[in-house]
Amino acid sequence: MTKKFGGWTAALLLALHAGAVSAAYQLNLTPGVTKATQIIYDLHNLMMWIILVIFVGVFSVMFWSVYAHRKSQGHKAASFHENTTVELIWTIVPVFILIGMAWPATKSLLDIRNTSSPDMTIKVTGYQWKWGYDYLKGEGEGISFMSQLSTPQDQITGAAPKGEHYLLETDTHVVVPVGKKVRVLTTASDVIHAWFVPALGVKQDAIPGFVRDTWFKAEKEGIYRGQCAELCGKDHGFMPIVVEVVSAEKYSAWVADQKKAMAAAADDPDKKWELADLKARGEKVYAANCVVCHQQNGQGIKGSFPALEGSKIATGPVGAHIDMVLKGKASTAMAAFGKQLSDTEIAAVVTYERNSWGNKTGTVVQPSDVKAARK
Amino acid sequence: MSAVIDNHGHAHGGAHDDHGDHGHHPSGLMRWVTTTNHKDIGTMYLWFSFAMFLVGGVMAMVIRAELFQPGMQIVSPEFFNSMTTYHGLIMVFGAIMPAFVGFANWQIPLMIGAPDMAFPRMNNWSFWLLPPAAILLVSSFLVPGGGAGVGWTMYAPLTTQMGPGMDLTIFAVHLLGMSSIMGSINIITTILNLRAPGMTLMKMPLFVWTWLITAYLLVASMPVLAGAVTMTLTDRHFGTSFFNAAGGGDPVLYQHIFWFFGHPEVYIIAIPAFGVISQVIPAFSRKPLFGYASMVYATSSIAILSFMVWAHHMYVVGMPVAGQLYFMYATMLIAVPTGVKVFNWVATMWKGSLSFETPMLFALGFLFLFTLGGFTGLVLSLTSVDVQLQDTYYVVAHFHYVMVAGALFSAFAGVYFWFPKWTGKMYDETLGKIHFWLSLIFFNITFFVQHFLGLAGMPRRIPDYNLQFVEFNQISSIGAFGFGLSQLLFLYIIIKAIKSGEKAPQLPWDGADTLEWTHLPTPAPYHTFENPPFVK
Ligand code: HEM
Ligand SMILES: [Cu+2]
Ligand SMILES: [Cu+2]
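For the protein sequence lines, the chains are A and B, in the order given. Start counting the first sequence at 3; every next residue gets the next number (the numbering used here). Start counting the second sequence at 3; every next residue gets the next number (the numbering used here).
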């Protein structure tokens with residue numbers, strides 16, 4: 003009997019243990035790969051010990067009372083109801099415990115907040131619902147790209163099995179060198195977002211119209227994943243962050259690749275386009291920037307985002323259409339795309355919208371038209 | 003002052019004029035629409051609150067059902083966002099706050115020996131503003147664009163992107179605020195002016211003290227919320243730019259204003275709960291409350307401190323380090339008076355003669371779990387740790403420990419405790435105990451695991467998640483459905499007791515010693531204390 007019981011307990015413990023070590027049952031903060039995460043991890047553990055001690059102290063008294071001072075056991079109530087000494091002690095002792103906690107907490111905060119002398123600076127811009135990255139200073143200066151969810155829709159709806167990095171994978175990665183202090187400037191173009199990567203110990207709100215900063219220095223190469231942490235509308239749950247920490251050599255190689263790709267992708271702003279080519283280009287721009295709101299079929303989402311099929315603007319005078327995309331509309335989710343997209347891209351997407359679904363205007367907008375509208 | 007004393011006289015006469023005489027008040031629906039009787043109004047508050055609790059609860063079930071599995075199965079992301087928004091708003095403003103105002107209405111006059119509230123007609127208005135507010139909230143789902151998906155905190159500038167549902171919500175908040183302010187003025191006046199002769203402030207039952215303090219918090223903080231949502235309204239429609247950087251405003255300003263209201267708000271919810279617990283624990287320990295005076299001082303200091311810690315909700319908006327340090331220290335300081343309260347409750351039980359009827363069980367559940375929520379609050383107060391935890395499920399777990407296991411459990415304790423006094427009937431003790439154990443177990447299944455989700459980095463307010471979070475989300479959802487179903491048992495217990503409960507004895511709890519138990523028959527008649535008792 004006891005043997006059997008012992009066997010079961012062992013099996014249970016083993017199962018629990020197996021559970022505890024798999025990522026699925028993570029029970030504590032991530033120790034992370036930066037000094038900051040390590041500091042936070044240690045401080046949190048220290049707090050848990052202090053709390054545990056207080057908790058056991060207070061509740062052993064309570065449960066002792068519950069056990070020993072029961073009416074059903076015939077316990078008679080005492081009548082004391084105050085004691086100045088005791089009351090003073092349990093007011094003053096906690097103050098000292100708190101000071102004991104405040105000391106490491108202050109130290110950790112001062113360490114974490116020190117953004118001085120970075121090796122490189124990256125600006126992160128939150129958009130509904132993707133992230134924009136601009137490498138501002140240090141090796142890689144001038145690199146700039148967008149990064150958005152790459153999990154296929156089928157996995158989200160359940161039509162396809164979900165991959166390991168479901169919802170935590172993006173089309174482009176933020177690549178940074180290992181062991182370098184990276185300063186991150188955050189801002190946003192529409193509403194507040196927050197750039198949150200647990201393994202790097204950073205969470206910083208990205209606020210439209212303002213620039214905030216934070217930093218990290220990853221000590222270990224690897225891929226670290228995070229998500230937007232401030233409710234930013236419909237697809238708040240679908241704008242992940244992927245940071246790839248690589249060796250110095252790999253980083254230099256990546257920078258060189260990136261520069262080449264950017265030069266190749268640059269459009270000739272004076273090119274004259276044909277309808278079919280421009281529409282094909284526009285379809286891509288639309289898929290990357292507009293589809294989340296206006297939808298694949300151009301029908302929008304009733305009540306929130308207007309349909310473009312048959313819309314007055316998308317079938318009316320072309321000037322108003324270009325303007326809407328360039329400048330957006332204040333106080334609505336329709337952002338100004340003038341800064342995010344090039345003249346060619348705007349020309350392409352406007353052309354696409356005017357010649358897709360039921361829209362058959364036949365207009366071809368050239369990049370030069372957009373350039374003129376910008377003035 | 004003399005005018006108010008006059009008023010005291012009138013309140014007596016007024017009650018008579020209104021109702022002709024005791025037998026002839028209007029009946030049917032009109033009785034409830036026109037009533038100025040604090041007991042009727044208290045009853046309406048409590049039923050309203052329970053109805054809202056069910057509505058908000060259904061929304062919580064929708065959230066947990068969607069989160070039961072990764073992937074989008076049941077609702078769209080927009081609808082999910084509106085579910086979290088209205089679940090939060092309805093639970094806070096529709097369920098918990100009105101529940102405690104209901105207790106205040108019933109109990110304050112009975113506990114201080116007053117014939118009614120100081121302003122009975124205003125009291126009627128305070129209540130009757132609530133149903134229109136609830137209708138506005140719920141009808142936001144019916145207008146184009148549907149309910150606002152902005153979270154109960156309604157941060158700018160996301161609010162400017164919402165449809166007309168946002169405006170309905172703003173108007174609802176205005177009404178709720180007016181109702182709270184009117185209720186608070188009434189409570190303050192009643193407590194300060196209508197106490198029975200001999201009942202000095204320091205002889206008042208602690209429940210009355212907690213409401214006096216809460217009412218001041220409400221009067222000071224609700225106008226701030228009204229200001230914040232009004233600025234949102236004008237930003238949306240009248241071209242102002244309070245929270246719009248492009249027009250010279252600042253989105254973070256909204257957060258400062260909101261949380262200047264929001265942190266006192268959490269104490270508006272917690273302090274009356276402390277009050278109920280401070281009546282229940284002594285009654286079932288058959289021993290006076292330990293450290294009455296220090297309880298009063300601790301509660302007052304919590305109230306004052308609560309206005310000085312608001313930005314601990316904003317550690318990651320990008321404050322200067324000095325600001326972060328100040329808000330961290332101030333927040334940690336609140337642990338001191340809160341600790342005093344917990345120690346006092348435990349000392350009250352120490353060497354008492356304890357029995358464990360349902361009200362006491364819920365009070366002990368409160369004591370244990372609220373303290374746990376307080377501990378996680380202390381963890382969150384440390385700025386550097388909060389960088390990892392803010393806006394994750396850890397926060398969701400934290401505030402449900404203080405709001406559900408704290409405020410809601412305390413409200414259950416209060417209902418079971420005073421039910422015999424209000425109705426003259428006893429509830430079914432066995433079923434009451436089952437209700438407690440089910441609530442306790444399912445509550446912890448739902449929310450304890452959310453700490454782990456938060457520690458592992460799962461953000462809140464997301465409708466879908468990575469596979470690493472699956473297991474704990476499933477456990478949490480199962481707990482939530484269990485918790486939700488257990489509350490239907492509560493409804494059954496109450497209805498059964500009203501319909502066919504045994505007659506309550508004059509003093510069902512031998513340790514209860516406040517005026518409503520010692521000086522009034524059970525059930526309390528429609529009019530009480532028309533001649534004030536004399537308190538030694
Ligand atoms: C049946 C019990 C309850 C369950 C299962 C439940 C569940 C939830 C869930 C899943 C969320 C969403 C978390 C997120 O995505 O951020 C939430 C949010 C919230 N709940 Fe509850 N809840 C319950 C009861 C209550 C009660 C009684 C209150 C009373 C005050 C309350 C107040 C809130 C608030 C304020 C929020 C935040 C809403 C927001 O993010 O804007 N809940 N709850
Ligand atoms: Cu977001
Ligand atoms: Cu707070």
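If you're looking for bench data, these hints aren't it; they were derived computationally from the structure. Misleading hints may appear alongside valid ones.
Claimed, not checked - DSS-like mimics (lysine-lysine), calculated; alpha carbons at most 30 Å apart, straight line: (1) A:281 with A:377; (2) A:183 with A:164; (3) A:281 with A:362; (4) A:262 with A:125; (5) A:73 with B:435; (6) A:139 with A:341; (7) A:109 with A:222; (8) A:125 with A:274; (9) B:353 with B:41; (10) A:274 with A:304; (11) B:41 with A:78; (12) A:304 with A:331; (13) A:362 with A:329; (14) B:41 with A:73; (15) A:139 with A:219; (16) A:331 with A:262; (17) A:281 with B:498; (18) A:274 with A:262; (19) A:78 with B:435; (20) A:78 with B:505; (21) B:353 with A:73; (22) A:314 with B:41; (23) A:78 with B:538; (24) A:164 with B:41; (25) A:252 with A:183; (26) A:281 with A:262; (27) A:125 with A:377; (28) A:219 with A:37; (29) A:286 with A:219; (30) A:222 with A:281; (31) A:262 with A:273; (32) A:373 with B:353; (33) A:273 with A:377; (34) A:78 with B:498; (35) B:205 with A:78; (36) B:435 with B:501; (37) A:273 with A:329.
Hint by hint, here is what the structure shows:
1. Simply put, residue 281 of chain A and residue 377 of chain A have alpha-carbon atoms about 25 Å apart, close enough for the 30 Å limit, and the pair holds.
2. Taking the CA atoms of residue 183 of chain A and residue 164 of chain A, the gap is about 35 Å. The hint is violated against a cut of 30 Å.
3. At roughly 12 Å between alpha-carbon atoms, residue 281 of chain A and residue 362 of chain A fall within 30 Å of each other, so this suggested pair holds.
4. Distance check on the hinted pair: residue 262 of chain A and residue 125 of chain A sit about 21 Å apart at the alpha-carbon level, within 30 Å; holds.
5. A distance of roughly 18 Å separates the Cα atoms of residue 73 of chain A and residue 435 of chain B; the hinted pair therefore holds under the 30 Å criterion.
6. Of the supplied pair hints, the one linking residue 139 of chain A and residue 341 of chain A holds, its CA atoms being roughly 20 Å apart against a limit of 30 Å.
7. Annotation: proposed proximity of residue 109 of chain A to residue 222 of chain A holds, straight-line Cα distance about 24 Å (limit 30 Å).
8. Under the criterion of a C-alpha separation no larger than 30 Å, the hint pairing residue 125 of chain A with residue 274 of chain A is inconsistent with the structure, at around 34 Å.
9. A threshold of 30 Å between alpha carbons decides the hint, and for residue 353 of chain B with residue 41 of chain B the separation of about 36 Å lies outside it, so the pair is violated.
10. A C-alpha spacing of about 36 Å is found between residue 274 of chain A and residue 304 of chain A, which places the hinted pair above 30 Å, so the restraint is violated.
11. The straight-line distance between the Cα atoms of residue 41 of chain B and residue 78 of chain A is roughly 36 Å, outside the 30 Å bound, and the hint therefore fails.
12. Taking the CA atoms of residue 304 of chain A and residue 331 of chain A, the gap is about 18 Å. The hint holds against a cut of 30 Å.
13. At most 30 Å may separate the alpha-carbon atoms for a hinted pair to count; residue 362 of chain A and residue 329 of chain A meet this at roughly 24 Å.
14. Annotation: proposed proximity of residue 41 of chain B to residue 73 of chain A is violated, straight-line Cα distance about 33 Å (limit 30 Å).
15. Annotation: proposed proximity of residue 139 of chain A to residue 219 of chain A holds, straight-line Cα distance about 15 Å (limit 30 Å).
16. Pair hint residue 331 of chain A plus residue 262 of chain A does not hold up; C-alpha atoms about 35 Å apart against a cutoff of 30 Å.
17. Of the pairs offered as hints, the one joining residue 281 of chain A and residue 498 of chain B is violated, with about 69 Å between alpha carbons and a cut-off of 30 Å exceeded.
18. A C-alpha spacing of about 24 Å is found between residue 274 of chain A and residue 262 of chain A, which places the hinted pair at or below 30 Å, so the restraint holds.
19. Straight-line distance between C-alpha atoms of residue 78 of chain A and residue 435 of chain B comes to about 24 Å, which keeps the hinted pair within the 30 Å bound.
20. The suggested pairing of residue 78 of chain A with residue 505 of chain B holds, with an alpha-carbon distance near 28 Å, which does not exceed 30 Å.
21. Note on residue 353 of chain B and residue 73 of chain A: the hinted pairing holds, with a Cα-Cα distance of about 10 Å set against a maximum of 30 Å.
22. Distance check on the hinted pair: residue 314 of chain A and residue 41 of chain B sit about 59 Å apart at the alpha-carbon level, beyond 30 Å; violated.
23. With a C-alpha separation of about 26 Å, the suggested pair residue 78 of chain A and residue 538 of chain B falls inside the 30 Å cut-off, and the hint holds.
24. Between residue 164 of chain A and residue 41 of chain B, the direct Cα distance comes to roughly 57 Å. Violation of the 30 Å bound is thereby established for this hinted pair.
25. Taken as a hint, the residue 252 of chain A and residue 183 of chain A pair is honoured in the structure, with Cα atoms around 17 Å apart against an allowance of 30 Å.
26. For the given pair, residue 281 of chain A sits about 26 Å from residue 262 of chain A by alpha-carbon distance, which is consistent with the 30 Å threshold.
27. For the hint linking residue 125 of chain A to residue 377 of chain A, the alpha-carbon distance of about 27 Å falls within 30 Å, and the restraint holds.
28. Under the criterion of a C-alpha separation no larger than 30 Å, the hint pairing residue 219 of chain A with residue 37 of chain A is consistent with the structure, at around 8 Å.
29. With a C-alpha separation of about 35 Å, the suggested pair residue 286 of chain A and residue 219 of chain A falls outside the 30 Å cut-off, and the hint is violated.
30. Using a Cα cut-off of 30 Å, the hinted pair residue 222 of chain A and residue 281 of chain A is violated, with the two alpha carbons roughly 44 Å apart.
31. With a C-alpha separation of about 21 Å, the suggested pair residue 262 of chain A and residue 273 of chain A falls inside the 30 Å cut-off, and the hint holds.
32. Of the pairs offered as hints, the one joining residue 373 of chain A and residue 353 of chain B is violated, with about 84 Å between alpha carbons and a cut-off of 30 Å exceeded.
33. The straight-line distance between the Cα atoms of residue 273 of chain A and residue 377 of chain A is roughly 19 Å, inside the 30 Å bound, and the hint therefore holds.
34. A C-alpha spacing of about 35 Å is found between residue 78 of chain A and residue 498 of chain B, which places the hinted pair above 30 Å, so the restraint is violated.
35. Distance hint between residue 205 of chain B and residue 78 of chain A is fulfilled; the C-alpha atoms sit about 25 Å from each other, no more than 30 Å.
36. Using a Cα cut-off of 30 Å, the hinted pair residue 435 of chain B and residue 501 of chain B holds, with the two alpha carbons roughly 20 Å apart.
37. This hinted pair checks out: residue 273 of chain A and residue 329 of chain A have alpha carbons roughly 23 Å apart, not beyond 30 Å.
Of the numbered hints given earlier, the model fails hints 2, 8, 9, 10, 11, 14, 16, 17, 22, 24, 29, 30, 32 and 34; all others are met.
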